[in-house]
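Participant: Letter by letter, the chains look like this.
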Amino acid sequence: MINNIVINIEGLTKTYDKFTAVDEISFTVNEGEVFALLGPNGAGKTTTVEIIECLKTPDKGKVEIFGIDLKDKKKQNDVKRKIGVMPQNFNAFDWLTVKENLEYFKDLYSSKISTDELINRVGLGEKMNSMYKTLSGGTKQRVGIAISLINEPELLFLDEPTAGLDPQARRETWNLIRKLKEQGKTIFLTTHYMEEAQELSDRILIIIEGKIVAGGSPNELIENYGGNKSVILKNCNKKILEDRGIKYETGMENQIQIIFDNNEQLFNILSAVTDDPNVEIEIKKPNLDEAFLNLTGRRINAEGLAK
Amino acid sequence: MRTASIIFTVFKGHFKAWRRNKTTLFWTLAFPLLLMLLFGGLFSLQSDKMDLYIENNDMNQNNPSMASLRIIQLINQTDSFNIEDDEGNLEEQTRTIVIPKNFESRLEEGNSSIKLIMDESHQTFPRTSSLINGVINSMNVEKQGVEQPIVLIQEQISSNDISFIEFFVPGVVGIAIMSTGIFGTIGTNTKYRKNGVIKKLATTPLSKFEWIIGLVLYHMLIGIISTSVILIVAVLVFDINMILNPVIIILIISGALTFPGVGMIISTVVREEEEADAAGNVVTFPMLFLSGTFFPLETMPTFIQAFARILPLTYLNNGLREIMVYGNYQAALWNCSIVFVIGIIAIAIAMKVTKWTDL
Chain H
1 MINNIVINIE
11 GLTKTYDKFT
21 AVDEISFTVN
31 EGEVFALLGP
41 NGAGKTTTVE
51 IIECLKTPDK
61 GKVEIFGIDL
71 KDKKKQNDVK
81 RKIGVMPQNF
91 NAFDWLTVKE
101 NLEYFKDLYS
111 SKISTDELIN
121 RVGLGEKMNS
131 MYKTLSGGTK
141 QRVGIAISLI
151 NEPELLFLDE
161 PTAGLDPQAR
171 RETWNLIRKL
181 KEQGKTIFLT
191 THYMEEAQEL
201 SDRILIIIEG
211 KIVAGGSPNE
221 LIENYGGNKS
231 VILKNCNKKI
241 LEDRGIKYET
251 GMENQIQIIF
261 DNNEQLFNIL
271 SAVTDDPNVE
281 IEIKKPNLDE
291 AFLNLTGRRI
301 NAEGLAK
Chain R
1 MRTASIIFTV
11 FKGHFKAWRR
21 NKTTLFWTLA
31 FPLLLMLLFG
41 GLFSLQSDKM
51 DLYIENNDMN
61 QNNPSMASLR
71 IIQLINQTDS
81 FNIEDDEGNL
91 EEQTRTIVIP
101 KNFESRLEEG
111 NSSIKLIMDE
121 SHQTFPRTSS
131 LINGVINSMN
141 VEKQGVEQPI
151 VLIQEQISSN
161 DISFIEFFVP
171 GVVGIAIMST
181 GIFGTIGTNT
191 KYRKNGVIKK
201 LATTPLSKFE
211 WIIGLVLYHM
221 LIGIISTSVI
231 LIVAVLVFDI
241 NMILNPVIII
251 LIISGALTFP
261 GVGMIISTVV
271 REEEEADAAG
281 NVVTFPMLFL
291 SGTFFPLETM
301 PTFIQAFARI
311 LPLTYLNNGL
321 REIMVYGNYQ
331 AALWNCSIVF
341 VIGIIAIAIA
351 MKVTKWTDL
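Residue numbers (this note's numbering), protein chains in the order written: chain H, 1 to 307; chain R, 1 to 359.
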């Protein structure tokens, strides 16, 4: 199957005075995929996405959306009609209802979409006539996503769509994004949440200090950079392991960690300890967080800061 | 057609938000009204008596006749006038009564008159005329048996004398247009920038031009609504006469170009929502006190008068006063054209400096 490229970025650079926010990055986004730009705050995610959304002018490089070069300012309106954007920290008009907010943006696009149908599609039916300012954070994000769908875009940009939301609201937003993917939308996601990128994305690009450090599917990133799988054993007699020639490391509180590469090795370890009812077994698989740590030497905390 | 429809969408959105937000309703409608009622009330309490100049020509060996003294006494008994001696300068005298020579002798013949010299368009004319007629009727009753009563002859003069409230009401309208335009625009732009609304709008086909024009049209409507409310309350509470004319609408339109334009320019340097009010005050405070809202410019020191001449609110206030109080179209239109030109320049600068991208 040939993938249609909807975004093509080559050598994109953006500087503010002497600070380089985005440094010669190149990538493509294919039609129908959820593509995540992952990185801590200040990595250059929002600058990159805002250049693609026609909100910022790049200093260098090529940006093509649906084959349209954004250098041609006259054609930017054509691009704007095909994309839906939910900016970072977006809040709609406080004193308009959910429906009125949607009608407002519908009129800007001269869109023919049924707002009632869209409201129901994103699960806002009960809140249709509620004033925007009275909504919870999660519901406001839903309204933001609904507004970004008002022109029935082919490509959707969601900039930190779950930042500041509680876990339940975050899950609800993820489900909505999954539904949109099922409907065939191409989604460009920027996030600093590892779990979010891993859960939702087909492909992830990790960006640090304006530079791309790695890219691939979540599994590829974990496979290539996440490190080894391991078994953690507690209350285990080390002699049993030594008798079978299993190499191990001893950690805190007499914990034993055994690294393995394949199922045969895992079976060998488990069969060695299954006879002892006192042994506690935990199988540890690497995740995106570990991959990020191995790639950058840093972890991203809940606020999006790399430490 | 599409542009008009988009501008209407922006306008409608602002208007709906305005009528639902109690805070903005207070600052656009209630605050100017409170200001007017407070200051208007305070200054109106000073004296509710009207100055009346009396030119008594019915003298007998330098002594006023008994009949003329009687009519002055009756006027005094109305307790509505501060009686002053005629100064001979009718232009500075709002209302003057002339008692003619031989008033007393003609009264006996049933052929007497007194003259009221006053501007019939003056707000106090109906009351003055009615009181003087009442005095004449009383005198006529006293002179029963005489065939012809005393006749009141009215003589028209034009007068520039206005009360404080008449002076103040156009200033209140000016303040309402200025503060709504400046505070409203700075507040809206700063908040919308913080909330990502401006960014979101910039990703739609809406242009910066359409957004700004929608905002200006909204301020025009708010200006018309607040002016109407202020005038209705002023007439009902203070019983004043204001000349209503389409020139007022042109002045409001010019003000609604100028002050939102100024607000948009200031918005470009205000980054935080918390700074918005402070920035608005820096600009509105000098205009509030130095643009002839509370006191005539002529009563201020020369250097302040010179400063006031560069403030747009001075011309808006002057224009509103010229048309609403004096009915002077030419002067109103001249002031209006100055406000309009400042407005066009302000909007042009706002269009240039307002950032739609690269925020």
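Certain hints may be false.
[Unchecked claim] Derived DSS-like pairs (lysine-lysine); straight-line CA-CA distance at most 27 Å: (1) H:K99 x R:K191; (2) H:K179 x H:K82; (3) R:K208 x H:K106; (4) R:K194 x H:K82; (5) H:K229 x H:K71; (6) R:K115 x H:K140; (7) R:K208 x H:K62; (8) H:K140 x R:K194; (9) R:K16 x H:K60; (10) R:K115 x R:K352; (11) H:K234 x H:K285; (12) H:K285 x H:K238; (13) R:K22 x H:K75; (14) H:K127 x R:K22; (15) R:K16 x R:K191; (16) H:K229 x H:K185; (17) R:K16 x H:K112.
[Stated by the list, open to error] Computed, partial: chain H to chain R, Cβ under 8 Å: (18) F27; (19) E53; (20) L55; (21) V85; (22) F105; (23) G164; (24) N294; (25) T296.
Hints were generated in silico from the structure; no laboratory data involved.
Please read these numbers as outputs of a predicted model, since none were measured by experiment.
Even for Gly, the Cβ is constructed at its ideal location relative to N, Cα and C.
Participant: Indicate, hint by hint, whether the structure satisfies it.
Facilitator: Consistency of the hints with the structure:
1. H:K99 x R:K191: holds (21 Å)
2. H:K179 x H:K82: Holds, at about 19 Å.
3. R:K208 x H:K106: holds (18 Å)
4. R:K194 x H:K82: holds (25 Å)
5. H:K229 x H:K71: violated (47 Å)
6. R:K115 x H:K140: Outside the cut-off at roughly 75 Å; violated.
7. R:K208 x H:K62: holds (25 Å)
8. H:K140 x R:K194: holds (16 Å)
9. R:K16 x H:K60: Answer violated: K16 of chain R to K60 of chain H is near 43 Å, above 27 Å.
10. R:K115 x R:K352: violated (63 Å)
11. H:K234 x H:K285: holds (17 Å)
12. H:K285 x H:K238: Between K285 of chain H and K238 of chain H the Cα gap is close to 22 Å, so the pair holds against 27 Å.
13. R:K22 x H:K75: violated (42 Å)
14. H:K127 x R:K22: The hint holds at about 22 Å.
15. R:K16 x R:K191: holds (17 Å)
16. H:K229 x H:K185: Roughly 34 Å between the alpha carbons, so the hint for K229 of chain H and K185 of chain H is violated.
17. R:K16 x H:K112: The given pair, whose Cα atoms are some 23 Å apart, holds under the 27 Å limit.
18. F27: Check failed: Cβ of F27 of chain H comes no nearer than 21 Å to chain R, outside 8 Å.
19. E53: holds (5 Å)
20. L55: holds (5 Å)
21. V85: holds (4 Å)
22. F105: holds (7 Å)
23. G164: violated (13 Å)
24. N294: violated (34 Å)
25. T296: Nearest chain R Cβ about 28 Å off; hint violated.
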